[in-house]
Amino acid sequence: MTTKIRQVIRHSLYVAVLGLLLMPAVRAETPGPIKITTDSGSFLLPREFVAINLWETLKIPPFQTNYFVFRLKSTYAEKEIKGFTVFENQFDQEVIVTVEVLTKKRLAVLEGINSQQCRQANHDLYPQSVPYKRCEYRKHFSPEGIAIKYQLNGENNQYFREVELLAREKLNEWKMD
Amino acid sequence: MAACGNKSGRSNVATVEMSAGGKAFAVPTQHLTFLQPSARVSPMSGPTGGRELSVHFSAAWLSAHIDGYQPILNKGFEGGVVRVAVGSQIKKDHARLHPPTVDLWFKRGTYENRIIMDKRESNTGFYVIQPIPYQSRPEYEGEQWHLAETLPDESKPYPENPRWRPYLCSRTKGLIEEAEVFTRCYFSAKAADDIFFDINLSSENLQIREAVFSTLANEINSWIIDKGANHDH
Numbered sequence: 000m001t002t003k004i005r006q007v008i009r010h011s012l013y014v015a016v017l018g019l020l021l022m023p024a025v026r027a028e029t030p031g032p033i034k035i036t037t038d039s040g041s042f043l044l045p046r047e048f049v050a051i052n053l054w055e056t057l058k059i060p061p062f063q064t065n066y067f068v069f070r071l072k073s074t075y076a077e078k079e080i081k082g083f084t085v086f087e088n089q090f091d092q093e094v095i096v097t098v099e100v101l102t103k104k105r106l107a108v109l110e111g112i113n114s115q116q117c118r119q120a121n122h123d124l125y126p127q128s129v130p131y132k133r134c135e136y137r138k139h140f141s142p143e144g145i146a147i148k149y150q151l152n153g154e155n156n157q158y159f160r161e162v163e164l165l166a167r168e169k170l171n172e173w174k175m176d
Numbered sequence: 000m001a002a003c004g005n006k007s008g009r010s011n012v013a014t015v016e017m018s019a020g021g022k023a024f025a026v027p028t029q030h031l032t033f034l035q036p037s038a039r040v041s042p043m044s045g046p047t048g049g050r051e052l053s054v055h056f057s058a059a060w061l062s063a064h065i066d067g068y069q070p071i072l073n074k075g076f077e078g079g080v081v082r083v084a085v086g087s088q089i090k091k092d093h094a095r096l097h098p099p100t101v102d103l104w105f106k107r108g109t110y111e112n113r114i115i116m117d118k119r120e121s122n123t124g125f126y127v128i129q130p131i132p133y134q135s136r137p138e139y140e141g142e143q144w145h146l147a148e149t150l151p152d153e154s155k156p157y158p159e160n161p162r163w164r165p166y167l168c169s170r171t172k173g174l175i176e177e178a179e180v181f182t183r184c185y186f187s188a189k190a191a192d193d194i195f196f197d198i199n200l201s202s203e204n205l206q207i208r209e210a211v212f213s214t215l216a217n218e219i220n221s222w223i224i225d226k227g228a229n230h231d232h
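Taken in order, these protein sequences are the chains called F and P.
Under numbering that gives the first Met the number 0, the first residue of the first sequence is numbered 0, with each subsequent residue one higher.
Under numbering that gives the first Met the number 0, the first residue of the second sequence is numbered 0, with each subsequent residue one higher.
Think of the hints as simulated: they come from the structure by calculation, not from any bench.
Just so you know, even glycine gets a beta-carbon here, dropped at the ideal spot from N, CA and C.
Please note: incorrect hints may appear among the correct ones.
Pairwise CB distance ranges, derived in the manner of DEER restraints [unchecked claim]:
(1) P:T28 - F:D176: 49 to 59 Å
(2) P:E142 - F:F86: 24 to 34 Å
(3) P:R162 - F:I112: 33 to 43 Å
(4) P:P161 - F:I112: 48 to 58 Å
(5) F:P130 - P:I223: 38 to 48 Å
Derived EDC-like pairs: lysine to aspartate or glutamate, alpha-carbon spacing no greater than 20 Å straight-line [to be verified]:
(6) P:K74 - F:E47
(7) P:K106 - P:D152
(8) F:K104 - P:E218
(9) P:K90 - P:D197
(10) F:K103 - P:E218
(11) P:K189 - P:E51
All chains, please: the whole structure from these sequences, using the hints.
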């Protein structure tokens with residue numbers, strides 16, 4: 000009985016030590032690009048454009064999906080678009096772009112879409128709320144068979160065309176043939 | 000829940016046949032929970048009793064389908080697991096009055112000291128009903144409270160048609176710079192006469208909840224492949 004308990008303790012210690020040794024190695028893994036495979040081919044997203052910077056989301060296996068999001072960091076957008084505001088209304092103005100590779104069914108819904116919907120919104124800063132103008136843009140990129148959606152706040156709404164061009168440019172750059 | 004594992008054609012979308020509550024569903028593979036990366040982090044488990052199935056709606060899918068939906072809030076992905084419950088028993092369960100909700104309306108029992116904030120929150124569009132003492136869970140530092148589209152009034156009968164439905168929400172510290180709190184609410188919605196689903200929505204996405212419900216209802220209904228079967232377990 001005592002021998003068995005010792006064996007269990009030894010085994011547990013072994014697992015714990017191994018775990019501790021492996022953890023830093025896993026965390027220190029070099030972040031590479033993320034491959035997303037869609038119905039119309041694959042995209043290779045550099046890590047700095049991956050939408051969320053959390054460790055768990057960076058460990059994901061290759062995606063097989065027609066839907067994904069990426070982000071244009073505010074500092075990147077500022078560098079690429081003259082006049083783009085990095086920080087406004089207490090928030091970092093990074094742009095989240097939703098990408099949809101259109102199936103036949105969805106093409107029927109989104110073909111030729113080029114829309115802009117604006118509203119007065121409020122940040123969730125309870126008990127205060129910060130009002131701002133938020134616009135949502137949708138655009139169909141015809142030859143690519145892709146639709147994108149993105150939102151801009153406040154002053155940055157004047158640069159929606161530039162953001163659209165930048166998003167399209169990045170998607171074409173990441174497309175693997 | 001039962002997954003048959005075979006694929007069937009549905010507008011060229013790969014699907015897996017699953018059943019719940021006597022109905023069969025052709026669930027597109029992108030909505031299968033066990034294929035999602037998050038399943039590797041926190042695997043879903045628990046008995047379903049043959050009346051439920053868990054499916055996954057990604058933040059990107061919801062964002063692409065719903066105007067105004069924000070795929071990322073508070074530095075976290077929205078979307079996630081949606082529990083779909085099917086069958087006549089589920090229908091009966093949903094038709095029953097929920098005693099704590101009735102207590103909340105009449106300001107009695109656990110909620111005898113509840114406080115109403117009589118101005119709609121601008122960020123969520125709801126009224127806040129705060130239980131006193133604050134409700135929380137030991138492992139959870141935020142508070143739980145209720146949000147409602149109309150205020151409760153203990154001097155009037157409990158509204159049953161349509162039924163008064165407050166939503167259970169929690170507030171926790173936000174991760175975004177300067178954000179003090181982050182609201183997340185649990186909703187139960189109806190897809191069909193005997194099909195219901197649960198979903199969590201956060202913060203500014205609460206404003207477009209009806210669009211989320213109708214989009215999910217349409218999608219879930221489009222998966223039904225055997226509407227005639229009705230032999231509840």
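Verification of the supplied hints:
1. P:T28 - F:D176: 49 to 59 Å: violated, 25 Å
2. P:E142 - F:F86: 24 to 34 Å: Taking Cβ atoms as reference, E142 of chain P and F86 of chain F lie about 30 Å apart, which means the hint holds.
3. P:R162 - F:I112: 33 to 43 Å: holds, 38 Å
4. P:P161 - F:I112: 48 to 58 Å: violated, 34 Å
5. F:P130 - P:I223: 38 to 48 Å: Check passed, 43 Å falls within 38 to 48 Å.
6. P:K74 - F:E47: The given pair, whose Cα atoms are some 15 Å apart, holds under the 20 Å limit.
7. P:K106 - P:D152: holds, 8 Å
8. F:K104 - P:E218: holds, 13 Å
9. P:K90 - P:D197: This hinted pair holds, its Cα atoms lying about 14 Å apart.
10. F:K103 - P:E218: holds, 16 Å
11. P:K189 - P:E51: Between K189 of chain P and E51 of chain P the Cα gap is close to 14 Å, so the pair holds against 20 Å.
Of the numbered hints given earlier, the model fails hints 1, 4; all others are met.
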